[in-house]
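Respectively, the protein sequence lines represent chains A and B.
Numbering-wise (the working numbering), the first sequence opens with residue 3 and increments by one.
Numbering-wise (the working numbering), the second sequence opens with residue 17 and increments by one.
Derived from the structure by calculation, the hints contain no laboratory data.
Predicted, not measured: the structure shown is a model, and the values here were computed from it.
Treat each hint with caution, since some may be false.
Across the chosen pairs, the derived CB separations fall in these ranges [to be verified]: (1) V15/A / K182/B: 39 to 49 Å; (2) S45/A / D372/B: 31 to 41 Å; (3) P411/B / A18/A: 35 to 45 Å.
Calculated cross-link-like contacts (lysine-lysine; reagent style BS3-like; alpha-carbon spacing at most 30 Å) [stated by the list, open to error]: (4) K182/B / K49/A; (5) K182/B / K221/B; (6) K260/B / K49/A; (7) K175/B / K30/B.
A few chain B residues that face chain A, going by a derived Cβ cut-off under 7 Å, partial list only [claimed, not checked]: (8) E139; (9) I152; (10) E217.
In this text, a Cβ means the ideal position worked out from N, Cα and C, and glycines have one as well.
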Amino acid sequence: MSVDNRSAAPQLVLEAGRADRQYWQDLWRYRELLFILAWRDVSVRYKQTAVGIAWAFIRPFITLVVFTVVFGHIAKVQTNPNIPYALIVIGGLLPWTLFSAVLGDASNSVISNSNLISKVYFPRMIVPLATVLIAVIDFGVSLSILAGLMIWYGFAPGWQILLLPAFVVLTVLASLGPAIWAAAIVVKYRDFRFVVPFVLQFGLYVSPVGFPSSVVPEQWRLIYNLNPMVGIIDGFRWCIVGGESPIYLPGFLLSLGVTAFFLWLGVGTFRRIERGFADMI
Amino acid sequence: MSDTVIRTTGLSKKFIIGHQVEQDSLLREAMTRGARALMRRTADLIKGRTRGVTGQMEEFWAVRDLNFEIKRGELVSIIGHNGAGKSTLLKILSRITEPTEGRVEINGRVNSLLEVGTGFHPELSGRENIFLNGAILGMSRAEMRRRFDEIVEFSGVSKFIDTPVKRYSVGMYVRLAFAVAAHLEAEILVVDEVLSVGDAEFQSKCINRMSEVAGSGRTVLFVSHNFAAVRALTKRSIVLEGGKLAFDGPVEAGLTYYTSTLGRGGTARNWGRGKDATLVSAKLLDENGCATDHFTPGTALRLKIVVDTTGMPGMSLSMILRDQHNLPVGYYSSDPFSSVALPTTAGRYECILSLDKLFLAAGEYNIDLQTTSTAIIVDHRVDGALQFHVTGCNPGDVGYDFRQDQGAGHLALRLTAPLHFERLAGAAIPDLHSDERLGQR
């Protein structure tokens, strides 16, 4: 029987409270598990549904229609007449859907995989990370709405569209921080199962999803950007419609700072608590 | 190559068991206390600090001060009563949980098998679950692909490999799950009681497979109550008692030591407690009234049980007899079966349950004890409170041994009247060889 290449593991010491120096290496070594868990969730997700993955398209599409009608035609939120309002909405809706999918799924992921956590070792961070992959796949499907809208309105994007992937990554990072923080905390305090859906519902209205952030009075804009999604949604819109929707730079930097802070808090908290997951779950 | 792969020094693991304190009698008092606790907890929560619930805390050392070394290629069994700390030890070694004190040094890669079918998803097909389960157990995809056919063949469910496992029978499910587990390759393999699944034939197949793995120079740590498997697979035994190392040496001596501790009845292990009625100790008695771990078929099964009660009326005592696979064999409950409840004056009581003569098949058995209120709500439950074995069962007094693992049940059925065959004259006896009868089909 062949000895696999992973056998050359260095000595491992298990002790109370010992920081695991090989943690990130381990995370890399277990990447196959990451993909398999993501694949499992994707293939199970749409089992026994009639339209399957089309749900990833239908839900944001209907939201898009409703928001366009409510904010663009009924509330008549002031906006640039050169740009179809639907494009403004999709620029906010796409990142927001991604954000809420990651935060909603990842924060519950540790609990819903408790059978694995209490029986097998692997870097626990894999579990919330796997849900990110699923959210990104759904996001990829819903990108077709953006493409469809651009064709429908005959709107050619500028060079800025090339930066879109960077903002997708930023969205994931912004949601990952709070998500893994909540995923760890929820193991001990199940209260967060109720808090997260509420935050998401609430966040939809305090983030500039259905309206451009320029409608917020100038003196409040910086504070408004404490919500990390504000800067990121602005960036998304800028990628789609270019200079017609400029980025408010100080606010954007603040959003980045808040994102970084949550990532630091999330990773730190998760790593501190994860060793006790099996005892608490 | 006889270097140390696992070395533990002063290894301990503590759990905090919370007991609920009495409810506050005044609502106002309860509310202020609740509010204060809520504020403190919110602060803890934001910082991600974990503090226990309010109430009485009790420390419980699941594993205490373990020191041992395991060399490369050693085959070690870990035995002990339920609750002796075996599973906790395995969980520490497989990095699922962290020790409270002490340390473990591991040289090499540990793969652990604490349960078969971990992560199986009912919606996925057998094929998909093999890959999923393999990845969860730490096999690489290349390795899985190489061994896939072998696994399917071992499981014997190749016909249904593309059917979702939710449509599998329990037996098929377990076979498939074990097949993946049995092909797990690791330098150090940690195996919890997983062989106790499936039918006898499949079990012996599993034991063969495990001894193949064990024979190929791997280090194996194996927990089982199945003495036959322990003997077949391991050479050295570590016996745990109440979280402490009680014995470390050759497997036969370990098993002897372990059986000798059985009669002590609950002294070695913390049984916890119930709300109104707590089981304190239990012993199996032989004909002379001495503690034993041995039962002779055809004699009365007698248990001496000590129980504490708060005097709550309507409490009853019940037991479940289980076989070596932990499947229930028989049940007795004092309230519905014999209309006897626990005494209604608080105190400690001793009783003897003397059951009817049983012809139990040879093998291992254990008994779960529980106290219940109104015969439904379990108040205190001790799984595997007693273990005993039956060495031989020959109801006919000839040299025939009726064993549990024959798969024909646990009870040798006995006749109340002698069996004899009487010839019925005049009955038409079909001639099995006649062409006429064959033609009718």
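Against the structure, the hints come out as follows:
1. V15/A / K182/B: 39 to 49 Å: Holds - the Cβ-Cβ distance for V15/A and K182/B, about 42 Å, lies within 39 to 49 Å.
2. S45/A / D372/B: 31 to 41 Å: For S45/A and D372/B the Cβ distance comes to about 54 Å; the hint is violated.
3. P411/B / A18/A: 35 to 45 Å: 56 Å, violated
4. K182/B / K49/A: Roughly 13 Å between the alpha carbons, so the hint for K182/B and K49/A holds.
5. K182/B / K221/B: 24 Å, holds
6. K260/B / K49/A: 49 Å, violated
7. K175/B / K30/B: The given pair, whose Cα atoms are some 47 Å apart, is violated under the 30 Å limit.
8. E139: Where the cut-off is 7 Å and the nearest Cβ of chain A is about 5 Å from E139/B, the hint holds.
9. I152: 6 Å, holds
10. E217: 26 Å, violated
Hint violations for this structure: numbers 2, 3, 6, 7 and 10, all remaining hints satisfied.
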